[in-house]
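**Q** Residue numbers (the numbering used here), protein chains in the order written: chain A, 18 to 545; chain B, 176 to 519.
Treat each hint with caution, since some may be false.
[Unchecked claim] To spell it out: a stretch of chain A is covered by chain B in this simulated footprint if at least three of its residues, at any positions, have a beta carbon under 8 Å from a beta carbon of chain B; those stretches are:
hint : stretch
1    : 129-142
2    : 213-227
3    : 248-262
4    : 395-403
[Claimed, not checked] According to the in silico footprint, chain A covers these stretches of chain B (three or more CB under 8 Å from chain A):
hint : stretch
5    : 209-221
6    : 289-303
7    : 387-398
8    : 477-483
9    : 487-500
The hints are simulated quantities; they were obtained by calculation from the structure and are not laboratory data. Note that the structure is predicted; figures quoted are calculated from it, not measured. We treat Cβ as the ideally placed atom computed from N, Cα and C, and that holds for glycine.
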Amino acid sequence: MAITRLPGAARRRVAVLPWLAAFAGLAAILPLAGVVAAALFGETADIALRDIFRYAATSAWLALLVGLATAFLGSLAAWLVVMHRFPGRDLFAWALALPLAVPAFALAYAYADLFDVAGPLRMWLRAGPGFDLPFGMRGLGGAVFVLSCAFYPYVYLAMRAAFLNQSVNVLEAAKMLGCDGWRALYHVALPMARPALAAGVALAVMETLADYGAVQFLSVQTLTTGVVRAWSVYGSTVSAARFALPLLAVAALLLWIERRGRKGRTHEAGNARWRAVQVKPLAGARGLAATGFCLLLLVAGLLLPVGWLLVTGLNTSPDWPRLLLAASHSLGLGIAGALVTVALATMLALGTRRLPMAARIASLGYATPGAVMAIGLLASAGIVWNLLPGSGYVIGIMLLVYAYAARLMAAALEPIDAGLTRVTPSMLHAARMLGRTETGGALAVELPVARGAMFTAGLIVFIDVLKELPATLILRPFNFDTLAVSANNYALDERLEQAGAPSILIILLALPAVIWLTRKIALSRPGS
Amino acid sequence: MSIRFAVSALLGAVLLAGCSERNGETAAPEVNLYSARRYDSDLPLYERFTQETGIKINRIEGNADQLIARMKSEGANSPADLFITADAGALWRAQQAGLLQPVQSETLDARIPANLRDPDGHFYGYMRRARVVAYDSSKVRPEGIDDYAKLAGPRFKGKLCVRSSDSIYNLSLVGAIIEAEGPEKAGAWVRGIVANMARPPEGGDRDQIRAVGAGVCEISLTNSYYYIRMANGDNAGDRKVTEHVKLGFPSLTGQGAHINISGGGVAANAPNRENAVRLLEFFASAEAQRHIAANNNEFPASPDVAPPAPVDAYADFTPNPMAVSAFAARQPEAQSLMSEAGWR
């Protein structure tokens, strides 16, 4: 028991949590420090200022439009599903999150191919009905569409949880004052769910900024194009790293906005009486419209692209033993990555409760473009490679898992941090008065309370690792392919038919995790 | 969640990730291959090498410049033995970074023509790929595209499809034009190409050929093997496209079509140097060249290796004798010219 210990020993134990947090934070930030260091020294590439502005403008438009689209689609879908009854609602409640299982690059492959001017669909349209679609998927508009399909589930999940947990009393009060239906959404529910909206949109926008596979395939030139161009053509990692600095600044800004958004959440606290949210039936045309909207989202985000990948892959004969081996690698990395990332994120969240911004800085890796992160990761990996010459397989895997933790810290930190907010200061004070140290209190009180959130975080990281590409490509050991690597190899060699099988295997592996995730949210309303 | 569960799950996951391999503490001979050639069709070749020599091939595949960056980070401890890629520019950059060592091999010198290798033996090109033109044979005569200069002329205003300037193959082509004709004429050519574009650059080479087939444009720039693969592949739609879209070989300053290489160089700190040289010699063997030609549809580098089907039907063209190291060095210059002209 802690009370029987010497005061000195107790004092030493008090310091454990901040040290653990500092360790986790440093681990996450090392690659980013590598990026900044790389930006400072060496020769720069001769990239025209005009091009840099064009890339930056494209990145900004992309982030803005995807942010708006995901905010609208995700919030509307969550509002319909939580507050209304219409045909198919129970199915959509969990199915609408399924596109989370689909990598953005797989969506891009499918849509670019399906809507290509020389693709089968438009060839058939021109020959048969005699008209042509006035648009293709390669371009800014297509990229906004594809990335919105890929990332709206982040907003949907966050908003669904927020609507499920909202106070019925406030909604009833609003109703009595004549504010009902859509007006209640706009004037009451949305403002109260603002922290969730900010968190969901921040994740979607950060994913957008970090994406390379999808935008590159859709011929949209963003700042990450500049990174790759500086690196590949001019051989200048310095310039590549400099391209990353504005992106890091934007990511930091987003995280700050997200924190600010949370400050207004006090009105949610202190509702002891939980009653079921009143569900409003939507009859007739309005019900059909709701069903149609949800179905459209599901078709666009999952059924159409996956169906197309299946169709195009039909007459290929995949090398199943190799694919299954790659699948086992993906699965193993996903589980290891989830456990390590959640452990580090938990240390960080526990140790920095009084310094929330410090923890946020450690999660910047999430918004850093893959190619840039690769520069930073190579810098940190280089230390290991030079300390342990001939370092083999196990070290290689550990480096990779570490890279996932550094890159995906934000995805784990957000839910864990949110889970920890349920621990009130008085609970911790009680633990301290009963003789627990700060660390002991964390183990006895905070961890059990945040257990569900840690599991959620693990699922999110697992799904993200399955889809992760740049770090895996650059750090993996010999003879080690994952499904994402395999899909990427085929796509780069312009063999889209063969890219379908590994892409679909990724989706199959991720689906159970996504379903689990949505079930957890459905059960999240206290008292239900 | 108990800590014990987490730890055992973690161990299990690492085991799962690494189940099938890596118990090789035995001193079995091996060679570590860093490959930017990620073609399934190369795999049987690797197996064949292991059968013949008993040397196991460990590979890491990836983007050429990321592999270069990885070798730089690994420094003197890099396990890399042989670096292979599908563009002369990447080999040149690896050489410039001091990552390759010169190799003196009579076998390689005999098999690889002088213009397809580095004069000091830092790298050797064992396959050739031509960057040429796919054209709509119902609208364009072969004489209309027999010179790269004609592609930039007013005849093809709004009729040309090409991918973006990020493509290393486009960069190498423009680099070759700079080398042959100087930056000013090359700049004018690039501006002519931009003026002729039927649409902003999008997609890969195969998409350009399909666009010609769909009537979006009349000509497109493409690597030879994409076309040959479409003409002989499983996709019926692609085969149909190649019935009226044909492959033409323009000439650069009257000396033949622009040639790039697939090639390799031995890493500067290769722990298995001998095996690396053996593997490179194996890639340059007639057997390997024929295998790659038949399966990935590139052209053999050795003049005395007869191209097998299906590339034999396209092999009757004049290759430009320009040294690959000459245009490889001009890629950055080419990129600047192209972005100045608005070639995205």
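**Q** Each hint should be assessed against the structure and marked as holding or not.
**A** Evaluated hints:
| no. | hint | in the structure |
| --- | --- | --- |
| 1 | 129-142 | holds (count 8) |
| 2 | 213-227 | violated (count 0) |
| 3 | 248-262 | holds (count 6) |
| 4 | 395-403 | holds (count 6) |
| 5 | 209-221 | holds (count 3) |
| 6 | 289-303 | violated (count 0) |
| 7 | 387-398 | holds (count 3) |
| 8 | 477-483 | violated (count 0) |
| 9 | 487-500 | violated (count 0) |
Violation of the numbered hints given earlier is confined to hints 2, 6, 8, 9; the remaining hints are satisfied by the structure.
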